[in-house]
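Single-letter residue listing:
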Amino acid sequence: MKKKAFSSVMTLALAGGLILGGCSSSTGSSGDEKASSGDKTVVKMMHLWPEGSSNAQYTIVDDIINAYEKEHPDVDIQTEILGNEQYKEKIKVLSASNELPDVGITWAAGYMKPFVDGKMFAPLDDIAKEDNFVAGTLDAFSVDEKPYAVPLELNITPVYYNKEIFKKYNLEAPKTYDEFLNVVETLADNGVTPITLGNKDRWTGSMWYMYLADRIGGPEALNNAINRSGSFEDPALVQAAEEIEKLVKMDAFVKGYNGLSNDEAKGYFMNEQAAMYLMATWELPNYTTTPDVSQEFKDKVGYFKFPTYEGGKGDIDSYVGGPGVGLFVSEQSKVKDEAKEFVSYLVEEWGKRSVVDAGVIPATVVDTSNGELHPMYIDILNDLGNATNLTLYADVQMSAGVADVHLNQIQALFGGQTTPEKFAKTQEEALAAEK
Amino acid sequence: MKNVMSNKYVIALYTLPALLLILTLIYIPIALSGYYGLMDWDGIGEMTFIGLDNYITLVQDKMFWTSTYHSFLLAIFSTASLLLYLVISLILASKIKGSDLLRKIYLIPMLLSSVAIAQLWMKIFDPTNGMANRLLEMFGVENTPIWLADPEIALYAIFIPIIWQFAGFYILIYYAALKNVPDEIIEAAKIDGASSFQIAYKIKLPLISGIFKVTIMLAVVGSLKYFDLIYVMTGGGPNGASEVMASYMYKEAFKLNNFGYGSAIGFGLLVIALFMTWLISKLTKSKDDVQF
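Chains A and B supply the protein sequences, listed in that same order.
Mapping of the first sequence onto the numbering used here: position 325 corresponds to residue 325, and the numbering continues sequentially without gaps.
Adding 435 to a residue's 1-based position in the second sequence gives its number in the numbering used here.
Keep in mind the hints are simulated off the structure, nothing from the lab.
There's no promise every hint is true.
[What the hints assert, rightly or not] Using C-beta positions, here's what the derived DEER-type ranges look like:
#1 B:491 <-> A:250: 44 to 52 Å
#2 B:455 <-> A:290: 51 to 59 Å
#3 A:39 <-> B:490: 48 to 56 Å
#4 B:632 <-> A:263: 48 to 56 Å
Quick caveat, the model's predicted, so the values are computed rather than measured.
Built from N, CA and C at the ideal position, the CB exists for glycine as well.
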């Protein structure tokens, strides 16, 4: 009897494990999955916009796939969807075993380089036409002047803020850094979390640092340090680190930021527990079009440009941002032609739909005159048009190893485990060692 | 039938499938990872043979030894918590009221996937809205900890869900072993006037001593290669404060594109785990395992 009880418990445990294991698998497939695709050409695609967390992007891709399959009855697009971090890792495992999907998503510059060097991505010079894209975006996905992926998004990074919280404490969107510090101080004194930040992911903190570096030292300072025509020990870059230290001491950031993921941190802003949130425009749909977010909250969200620093060299129209992700075609793909055709279709449609469905900013040149677009979307598009500079995310510019040093230093700086001087020195050494 | 079974070729033939499985799934990958450890490889492009360079770097790598130290801390904590599990199973096995229900409660974490457990405890540890700090606030604590973000305590904070996660597993093993102790012996001891503490300490524990060795081994080796909760909850951060051997290996291989070095770390992990297994079986060698 006892034995029986034991074995039934074990069976239950095993079954539970299996069922839950099944649930946690995050693979999905496009709309109506056909069990056997018959004589159809199957094009496999992997992307990183799960229906739940990136609804706007998911819907656009899903619509485009359905339209494409209707126009091309002999093609079957099968998708696999993973969240951001998992996607980044799975794609590496797949490429190590030569099993990349026919079409997939990649980040620009340093991230993409090993794949191109390893001949994993097919050159796309036959389908990517320079004039179709916003100037510079295609370059970020090119190696030796040849594009290996086509850009989908273009992002700048504004500071979103909760207008109602600001109003309650008689605050206005700051234009200068002193005004900004005043906002932070007032909110902190009143027990409101000024800024939410998910610095477990580290690139989130890097954006704060990059902006300060830009406003103090101008757009060249950080870029030069990275491309080795300058140094990371540039006084402006050290000063930017000191400003981060000051912000930390003022309790500017949400409690425990170094242990919160970006998604968790976002929750504080969406629940109105924090007044400000610095994030790229891929967040825009959540404040404009996403049906899951209440209109009441959307109305409370405004944005401002990162304030100028007194005596600093950077101007207010300089942004941290750049092309987000692009589409690649696998060099090993057996259906390369079909994959390329699908990619050019997708990019073109993405450009059109992301404007009509207002939310995502495409990397393609767009016409905003038609349709009723959300005012915040139009404002940001205009800002983008007037941008004097876009600084590509530092960790994307660097190679994986140096980027990791940079990101670790960012976390240490925010966590008070290093000094601004050591912060700069460690990165300078890592960058210098690479050449 | 007897004839067939004593034929050496048949024996070889019958063990072949298992042998093949073990070879392809376990031994060949181990050998391969040792081999990749000799390479400079980003996992995508060409491999270059660099001899023992990776292994030499490994021995000098501070971060590797820090993560090894963290793994050993976890092993010590897990082994120590075996005592707690033992006490719980002794209580459960002694037919107290509600022990049936309690047993099921202890088992629940086993039914959850690690990722779900990680999500659950991340919510509990949330510094502002989390249950842990809300409770502390209720008891009047003002400077509540920032759990996963504080490099001093992040590692220990993760030990809590890990110990919670495996409680059911070990309690189940101990419980099953205790239930196997024949009732007659206990009855006889009771007639002789032994207290329940004496019965537990002098009869039950010696009789199940063989199982201790197994559980200690499981706990230590399991801790050394432990990965999932740490990966999901902190990713080894902040700044390496909760990095363990397996998460460090994963990070080097998959995040930083150092497959060669990652393989070397994996091989180092294997060597350390093998050594510990050997050491424990040496230390816990019992003169005679009780049979009944």
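Hint numbers not upheld by this structure, sorted from lowest to highest: none
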